[in-house]
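Dock chain B against chain A, hints included.
The lines below spell out each chain.
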Amino acid sequence: MSGNTKILISDLYLSIGKHEILKNINVEIPENKITVLLGPSGCGKTTLLKTLNRLTDLYDDVKINGSIILDKDDILHTKSDITWIRQKMGLLSQRPYPLPMSIYGNVSYGLKIKGIKKKKILDEKVEHYLKEVNLWEEVRERLHHPASDLSIGQQQRLCLARGLAVDPEIILADEPTSALDPLSSQSIEEMFMILKKDYTLVVVTHILRQAKRIADHVVFMYLGEVVEQGPADEFFTSPKMERTKAYLKGAFN
Amino acid sequence: MKGIPEMYKKAEEIFFRILMIISTVSIAAVLLMIIFSILYNGLPSLSWEMISQTPKGGFYFGKEGGILNAIIGSVYLSVCSTILALLIGLPVAMYMNVFMIRHKKSLNSIRFFLDILWGIPSIVYGAFGFVIMIYFGLKTSLLAGIITVTLFIIPIMVRSMDEVLKTVPSGLLESALSLGSTKTEISFKVFLRQCIPGIVTAILLSFGRAIGDAASVLFTTGYTDSIPESLSDPAATLPLAIFFQLGSPVEEVRQRAFASAAVLTFIILLISISARLLSSKFNRNKIKF
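Protein sequences, first through last, are from chains A and B. Note that this note's numbering gives residue 66 to position 73 of the first sequence, counting from 1, and the numbers run on in steps of one. Note that this note's numbering gives residue 205 to position 190 of the second sequence, counting from 1, and the numbers run on in steps of one.
Bound conformation, chain A alone (with noise of 0.2 Å):
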């Protein structure tokens, strides 16, 4: 593999009561790349992902094992405030979530609880990253109007610009696109292609096409297991197991 690892998954087994969901994962999602987590419903991608920034914390009796290696410091175990590893990774959910604020609160919310109070500083920066996701000329004369009254695509934007102001080093998306109508959905895969030159991306989704149309590396998980993992072009020209070859000619979905 070329480039670095950014982040390490060794032995990773995820069980919520008695049901296991995931089963020895090892995965390494390469630095400034596109990782896609592809595979069927109910696969344990989703988890794979909340995992990473430990929003499996929120699940009732979770048991997790195994290590999640990032900046060579164990996420799962590790001694450093969640909140502060959080940060490190922005999250873009299968719909938008926009706090309950103006188009500006949400932007500048994460810069405020990072303690940045100037207001130039934040005015700068809101328009920095709005503009970093195409949104800054639609909204530029409403920031201040709730956000509440964008359109689903437009949410979808803000909750990345939202995402990226705090700076991440990493973005977990989880199906971005699934709530959004075709345009929206090709504006955000062609943002993620510029995206990936500053951040290390980790893409879930179940499209096929997507996958093929943004993934460096993709990992082809099946019942909370790694079936297969490499670098696109390998995975789609000449997938090596079984249940790979039988997904991509879409036996089973």
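No lab work stands behind these hints: they were computed from the structure. Do not take every clue at face value.
What the hints assert, rightly or not - Straight-line alpha carbon distances no greater than 20 Å define the calculated SDA-like cross-link-like pairs of lysine to any residue that follow:
| # | chain 1 | residue 1 | chain 2 | residue 2 |
| --- | --- | --- | --- | --- |
| 1 | B | Lys296 | A | Pro139 |
| 2 | B | Lys198 | A | Asp74 |
| 3 | B | Lys303 | A | Tyr97 |
| 4 | B | Lys204 | A | His137 |
| 5 | A | Lys11 | B | Lys119 |
| 6 | B | Lys120 | A | Gly10 |
| 7 | A | Lys81 | B | Gly186 |
| 8 | B | Lys303 | A | Arg206 |
| 9 | B | Lys181 | A | Asp53 |
| 10 | A | Lys107 | B | Phe203 |
| 11 | B | Lys198 | A | Thr76 |
| 12 | B | Lys198 | A | Ile78 |
| 13 | B | Lys303 | A | Gln147 |
| 14 | A | Lys105 | B | Cys95 |
| 15 | B | Lys301 | B | Glu178 |
| 16 | A | Lys107 | B | Glu200 |
| 17 | A | Lys56 | B | Arg117 |
| 18 | A | Lys107 | B | Glu189 |
| 19 | B | Lys204 | A | Asp53 |
| 20 | A | Lys56 | B | Met115 |
| 21 | A | Lys81 | A | Lys107 |
| 22 | B | Lys303 | A | Arg88 |
| 23 | B | Lys198 | A | Tyr52 |
| 24 | A | Lys110 | B | Phe203 |
| 25 | B | Lys296 | A | Asp142 |
| 26 | B | Lys119 | A | Asp53 |
The following block gives chain B in isolation, referenced to the frame of chain A:
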């Protein structure tokens, strides 16, 4: 296969529609009748004197004086206990919905106990307050009343806030966590903003119960013709004023009971409307999921 005949479906639709209209109209009619009877019986004896003076000698035989003592007492009592219950109840509700989110079983038992507490009649809280008063050597006083009423409305406050906070989708919590907020920040910057209208409703509900309850204050706050000057003075309350006046054999006094009821209704109306106006300012930021 032949389905249910269309005729039958139509008849069913019409039947239930009429049923719902009848229920709605009758509820509204009862409400209007209550307000009408209060105003009809109360307005003639409602005067400036009635709301600006304390009872003079002979008030309870229909002579001069007013119910200012009860108005002031009720406002003190209900405002203080609503604020106290809010200060205790809001953190409880937040803790349940932001911090305890993964402990579903404990949450369910907390909700169960709060529901039981909600269901306990206020006279039982009155008796409990009385026991506490004796234990601490308190006399019937505004303070004892405030404590009792606070205890009595906390379950109402917590559970109604809890029901609203429960509706915040977990995705919003996850998003806010991913931005690096602590749970305390999420409670007050995200959940509180998202739920302001519902929280105002919870406060109003509790305030209504606090100002309208007679049984819990009967032993604890007592009754007096003068305006309380400190927390250790006994205080009159409007529900008890209505109760005492309605029991009078004198016609004028009974009329004044209705006037007092009108005053009580008016206070609740005033508080509700102003709180609604206030909360609608925050409402615009709420995200509709």
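20 Å limit on alpha-carbon distance, applied to hinted pair A:Lys56 and B:Arg117: The given pair, whose Cα atoms are some 13 Å apart, holds under the 20 Å limit.
20 Å limit on alpha-carbon distance, applied to hinted pair A:Lys110 and B:Phe203: Holds, at about 18 Å.
Holds or violated: A:Lys56 to B:Met115, with C-alpha atoms at most 20 Å apart: Given pair A:Lys56, B:Met115 holds - Cα atoms ~17 Å apart, limit 20 Å.
Distance restraint between B:Lys198 and A:Thr76, which requires alpha-carbon spacing of 20 Å or less: holds (9 Å)
Hinted pair A:Lys107 and B:Phe203, Cα distance within 20 Å: Given that 20 Å is the threshold and the Cα spacing comes to 16 Å, the pair holds.
20 Å Cα cutoff - pair B:Lys119, A:Asp53: Judged against 20 Å, a Cα distance of about 7 Å means the pair holds.
Pair hint B:Lys204 and A:His137, alpha-carbon separation not exceeding 20 Å: holds (17 Å)
Straight-line alpha-carbon gap A:Lys81 to B:Gly186, limit 20 Å: holds (19 Å)
Given pair status - B:Glu200, A:Lys107, alpha carbons within 20 Å: Holds, at about 12 Å.
20 Å Cα cutoff - pair A:Lys81, A:Lys107: holds (12 Å)
Hint consistency between B:Lys204 and A:Asp53 [alpha-carbon to alpha-carbon, up to 20 Å]: Violated - the C-alpha atoms of A:Asp53 and B:Lys204 are around 25 Å apart, more than 20 Å.
Restraint check for B:Lys296 with A:Pro139, where alpha carbons must lie at most 20 Å apart: holds (12 Å)
The structure shown violates the earlier hints numbered 8, 14 and 19.
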